[in-house]
Amino acid sequence: MESFDWTQLLDYALMAMLLAVGVAIVRLRNLFAAVMLMGVYSLLSAAWFVSLDAVDVAFTEAAVGAGISTVLMLGAMLLTAREAEPVKAGRHWAALAVVLATGAALFFAIGDMPAYGDPNSPANAYVGFDYLIRTPQEVAVPNVVTAVLASYRGFDTFGETVVIFAAGLGVMLLLGFGGKKAKKEGGE
Amino acid sequence: MMVWVNLIAALCMAGAMALMLSRLFIGPTLYDRVLAANSFGTKTVLLLLIFSLMVGRSDGVDIALLYALINFIATIAILKFFRYRSLEIALAQMSLRRAIGGDDE
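Chains as they are written, first to last, in this note's numbering: chain A, 73 to 260; chain B, 42 to 146.
Bear in mind the hints are in silico, worked out from the structure with no lab data behind them.
The reader is advised that the hints may include incorrect statements.
Stated by the list, open to error - Rough simulated footprint, nothing fancy, chain A against chain B, three-plus residues with beta-carbon under 8 Å: (1) 43 to 55; (2) 86 to 95; (3) 112 to 125.
Where a beta carbon is used, it is the ideal one built from N, C-alpha and C, also for glycine.
When you get a sec, could you build the whole thing from the sequences and use the hints?
Now the structure itself:
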């Protein structure tokens with residue numbers, strides 16, 4: 073720890089912006105602005121995932137969080153009012169207590185986590201090391217996580233992909249892209 | 042040397058993102074916010090590109106391209122929602138119907 077890693081500054085900047093956006097989402101009463109801020113939050117957290125070297129997580133976050141869920145939230149806003157109503161003061165305290173308890177439990181658990189990049193941690197010591205050695209020869213994909221997901225656990229991933237495809241189909245059916253045309257013009 | 046140039050560029054980009062965020066928070070009209078969100082997405086794409094240059098991995102470029110596409114689609118969806126209060130009907134049909142019948146929804 074003799075020299076300060078200046079690229080950490082970027083992480084701090086991203087985290088500060090995440091915090092600011094989170095507070096703003098809670099404070100804003102305008103639902104349009106909240107939907108847009110949630111899209112921004114998702115973009116920001118995906119950027120942060122990239123800077124933490126979790127490229128595939130960032131990919132999923134960008135596609136699902138910023139893309140699909142913004143459209144879904146807008147569709148949900150069709151069914152409700154444009155402004156949120158203020159919550160009664162008594163309910164704030166219960167929510168705050170739950171959040172504080174959960175946060176304290178998480179902070180308590182930090183002490184048991186292995187250090188970042190520790191070679192003896194369970195994630196690096198057993199099977200993970202094997203994957204790191206074998207992937208260049210067996211699969212020849214630069215990203216080891218991709219190799220594990222798409223090749224070593226290919227059947228698992230195939231099942232997940234089917235589920236995600238079904239979810240996408242469900243969203244398409246709910247939003248009804250182009251399906252209403254014939255019905256409406258026949259009715260007029 | 043190159044590392045420092047990249048880092049300074051990335052931090053400047055983060056500063057620009059913070060400015061966009063302030064416009065998103067205070068923006069009086071909805072269009073200010075749409076514009077700020079779109080511009081924020083563009084800044085994120087640029088930050089990702091700079092970052093992938095910094096680390097020397099090309100994975101970031103793929104994600105940056107995906108962001109650019111998603112940003113575009115989300116902006117179109119939001120603007121369509123403002124204009125027509127609906128996401129159900131295609132844009133081409135909307136303008137066609139308005140041109141023929143003149144009924145402005």
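Item to check | Which numbered hints fail | outcome: Hint check: nothing fails, all pass.
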